[in-house]
Structure formats: structure tokens, C-alpha cells
Amino acid sequence: MAGTLYAVSDLHVAYEENRKLLDRLQPTSPDDWLIVAGDVAEVFGQVEMTLRTLRSRFAEVIWAPGNHELWTHARDPVQVRGVERYERLVAMCRHLGVLTPEDDYPVWRGDGGPAVVAPLFLLYDYTWRAPGTVTKEESLAYAYNTGVVCTDEGLLHPDPYPDRESWCRDRVAITEKRLAAIDPELPTVLVSHWPLHRHPTEVLWYPEFAQWCGTELTDDWHKRFRAATAVYGHLHIPRTTWQDGVRFQEVSLGYPREWSKRDRPPTLLHKVFG
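Numbered per our numbering, the sequence shown spans residues 1 to 274.
Calculated directly from the structure, the hints in this document are not laboratory data. Among these hints, one or two may not hold up.
As a list, the in silico PhoX-like pairs of lysine-lysine whose alpha-carbon atoms are at most 25 Å apart [said to hold, decoys possible]:
1. K20 to K223
2. K177 to K223
3. K20 to K177
4. K261 to K271
5. K223 to K261
These figures come from a predicted structure and were not determined experimentally.
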């Protein structure tokens with residue numbers, strides 16, 4: 001198997017500048033695979049259009065949802081919420097031939113493989129709390145007092161769950177069983193919009209934002225499930241770090257106001273294997 005396994009996240013194609021970059025995004029080989037680790041867009045139709053375009057270019061496209069796809073935005077004609085919205089996104093991806101967290105995990109057999117590529121949908125549960133706080137309530141109060149509050153609080157609905165942390169814990173339990181069933185001889189590429197371990201959030205200017213970034217329940221998954229690399233986005237800080245000898249790759253594009261200030265042009269294709 002030739003080709004390269006690439007990853008990208010946080011395309012945010014509602015921005016014209018990002019759409020222009022997307023127009024130029026092309027594989028380097030007809031055998032290339034692309035991981036899309038969430039936050040394609042907020043509006044359902046834009047998510048569909050973008051994934052359709054990418055699927056026409058890459059041999060395989062593997063998507064994991066971000067928080068923005070799960071928003072129910074006032075300007076979106078598709079007004080379903082929570083689990084129903086996620087299921088609608090999965091159905092759309094299957095129609096396009098894009099793999100989701102609900103499908104069988106594919107095995108990358110090119111350079112660096114074989115490795116199971118596992119797209120995950122996990123959310124967060126407010127356990128990565130703001131400095132000096134010990135409960136969700138205290139952590140949220142700290143964030144509201146500083147004005148650093150994730151838009152999820154108004155737009156990411158957990159229906160029919162009573163709250164986002166309940167949905168998160170259910171997703172963690174479901175996903176943990178699936179990962180445990182993977183052939184123990186094979187390493188994995190764990191793909192989640194939210195980082196699996198808290199260490200990438202340590203560089204945030206506003207540490208209170210970490211409560212919307214993950215869960216303590218996955219802190220050891222990179223070791224337990226033999227990750228060769230853990231791919232994530234969400235933070236808009238593209239970089240590579242290491243935890244317990246495992247590579248963590250943040251592969252986001254982010255907003256134009258962010259990437260336009262950097263010294264180097266933005267990278268859309270981050271090499272995972274190849």
C-alpha cells in the first residue's frame with residue numbers, strides 16, 4: 001500500500017479565507033488517506049459540502065465530530081439537537097463514503113502500519129477544572145467570572161441526556177469497549193477532536209477553557225490502547241508533543257485571525273504516517 005496518512009482539523013469553512021485554502025488542498029498520491037478531526041463547520045450543509053469535496057480527492061476520509069458540528073445554530077436549516085444531530089451527521093457521512101466513529105475501524109497498511117485508525121466521539125465532562133476549583137459548579141463560575149466561556153454552553157445541546165457530561169460518560173463507556181476489542185497485536189491511531197490527555201491544554205492562555213477540552217476518563221488511553229499517535233484538534237495550537245513516549249499531534253487550521261499572524265503559512269496536511 002502506497003500513499004500517506006494525513007490529518008487535519010478545525011477547517012472552519014464558514015470563513016472565506018479557510019475555504020480558499022481548502023480549494024487548494026490536494027493529496028500527494030491517489031492512495032492518500034485523510035483524517036478530519038472535527039470542526040469542519042457549524043452549518044450542516046457546509047459540513048456535507050466539505051466532506052463531499054474531500055472524499056472526491058482522497059482514497060479514504062475518516063471523520064470524528066467536533067463541538068461545532070454538534071451545535072444547533074439559529075442560521076442552520078437543520079435544527080435537530082444532541083444525539084439526533086450526531087446520528088444525522090453519521091448518516092450523511094455514510095452516504096458520502098466517509099468513515100465515522102460508528103463504523104468499523106479501518107487498518108492503515110502503508111508506511112508506518114499496520115495500525116488501526118480509530119475515530120472517536122467522546123465530548124468532555126468538566127473534570128479538567130479551572131485553577132483552584134474542585135467542582136464543576138466552581139469551575140464554571142470561575143469561567144463566567146473571567147468571561148472565558150465556551151459557546152457550547154448555549155449551542156451544544158445534549159438531548160436526550162440531562163447534560164453534556166452524562167453524554168460524555170456514555171460515549172466513553174461505549175468507545176472503551178470497542179477499543180478493547182481491537183487486535184492486541186496492532187497499534188492504533190486514536191483520533192479525537194478533544195485531546196485524550198490534559199497536557200496539551202497546559203499552554204492555554206486561559207486555563208479555565210480546559211474544562212471544555214476533555215475528560216480524566218481517557219487520561220491513560222494512549223497507553224492502554226497502544227497508540228502510535230493521538231490525533232486531536234480543538235485548541236487551535238498546531239504542534240506535536242509527547243506523553244509517556246506517545247506522540248500527540250494537534251492538526252488544526254483554526255480561524256484566519258489566528259493562522260494569519262504566524263510566521264509560517266498554515267499547514268493543512270499533517271503527516272501521521274507515510
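To see whether the hints hold, each was checked on the structure:
Among the hinted pairs, K20 with K223 is inconsistent with the structure: their alpha-carbon atoms are about 38 Å apart, more than 25 Å. As the CA atoms of K177 and K223 are separated by approximately 15 Å, the hinted pair is consistent with the 25 Å bound. Taking the CA atoms of K20 and K177, the gap is about 40 Å. The hint is violated against a cut of 25 Å. Proposed proximity of K261 and K271 is supported: the alpha carbons are some 23 Å apart, at most 25 Å.
For the proposed pair K223 and K261, the alpha carbon gap of about 35 Å is over 25 Å, so the pair is violated.
Against the hints set out earlier in the document, violations occur for numbers 1, 3, 5.
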